[in-house]
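J.: In order, the protein sequences belong to chains A and B.
Taking the working numbering as reference, the numbering of the first sequence is continuous, increasing by one, and the terminal residue is 778.
Taking the working numbering as reference, the numbering of the second sequence is continuous, increasing by one, and the terminal residue is 153.
You may find that some hints are simply not true.
[Stated by the list, open to error] Some but not every residue of chain B turned toward chain A, in silico, with C-beta under 8 Å:
#1 I50
#2 V53
#3 T60
#4 N67
#5 V148
#6 L149
What the hints contain is simulated information worked out from the structure, not anything from laboratory work.
Computed from a predicted structure; not experimentally measured.
In this text, a Cβ means the ideal position worked out from N, Cα and C, and glycines have one as well.
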Amino acid sequence: MIRESLIMRIHYITGISALFVVAVHITMRLLMPFDSSIEYQNIIANYHNIAYSILLESILVLIAIHGFNGLRIMLLELRQNRLWENGVTIFTISAMMTVVAYGTRTIILAQGLGA
Amino acid sequence: METSKESNSTVRNNREGLKGWLNPARYGWERVSYWFQRLTGLFLLIYFIGHVYETSSLTGGQAAWNALLALTQTVQGHIFLILVIGASTFHSVNGIRLIFTHGGMGLGKPGRPDYPYDALSLNYRQKSGIWISLILAALAMLYGADVLFGTK
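All chains should be modelled from the sequences, with the hints used to inform the complete structure.
T.: Structure below.
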């Protein structure tokens, strides 16, 4: 079992790290007029850039860990018993892995698309 | 045995569940901050899942992407994005305040409890941190509105 103090430290580290990578992600949308930056060709060009794809993957993993652990903390504040706590932990870890897998699939497939 | 039953019943009566979690009325700004931190966190998690799903339409080709953009590039879509900007700014700045507080920073020195027994930890540093979070969220929303509805 991982100690809650370690989980809280992971929560803070993922939160602070997400702040930096999301700032870069938003800056990429503001380098040109917003409407142009979300055109299909621009988005595909972003995905073809390996460094940017790694950044997107890190955003996906960091926010999924931070977000679903936050949800877990909120749900554990509402009720405390072994069944509920184990159920909440299993549910949040499964949901986190599903979102990460689905987002990773998009990043991989988009790299193969032509602009 | 009787005492144990009584204490169990008192504990049960004190359980307010979701109502207790949502009620900011009996508490100060710290409770409002607690509530906003959770509310914005939930909202941002829902947005994040939606955003991951939304971007997956890329794999369907240009037509699928443009069809999705037509849904989100509306006035309502932009207002929703402005709310996301405000929520993420508040959640980030208030989250940093909470990390400092969890580390013992900004809590003040322990002192003798005197009437009216105000908690020393709930001081002006904490309150100003909450206000700074709210003000920065408002400013970020204004900038976001300028980008989405303006000419930038």
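J.: Answer holds if the nearest beta-carbon of chain A is closer than 8 Å to that of N67 (chain B); otherwise answer violated.
T.: At about 7 Å, which falls below the 8 Å cut-off, the nearest Cβ of chain A leaves the hint on N67 (chain B) intact, so it holds.
J.: Minimum Cβ distance from I50 (chain B) to chain A below 8 Å?
T.: With a minimum Cβ separation of about 6 Å from chain A (threshold 8 Å), the hint on I50 (chain B) holds.
J.: Using Cβ atoms only, decide whether V148 (chain B) comes closer than 8 Å to chain A, and label the hint accordingly.
T.: The hint holds - V148 (chain B) has a Cβ within 8 Å of chain A, the shortest such distance being about 5 Å.
J.: Minimum Cβ distance from T60 (chain B) to chain A below 8 Å?
T.: holds (4 Å)
J.: Holds or violated: the hint that L149 (chain B) contacts chain A, with Cβ atoms closer than 8 Å.
T.: Result: holds, 7 Å to nearest chain A Cβ.
J.: Taking the least C-beta to C-beta distance, is V53 (chain B) closer than 8 Å to chain A?
T.: holds (5 Å)
Going down the numbered hints, you'll see the structure goes against none, and every one checks out.
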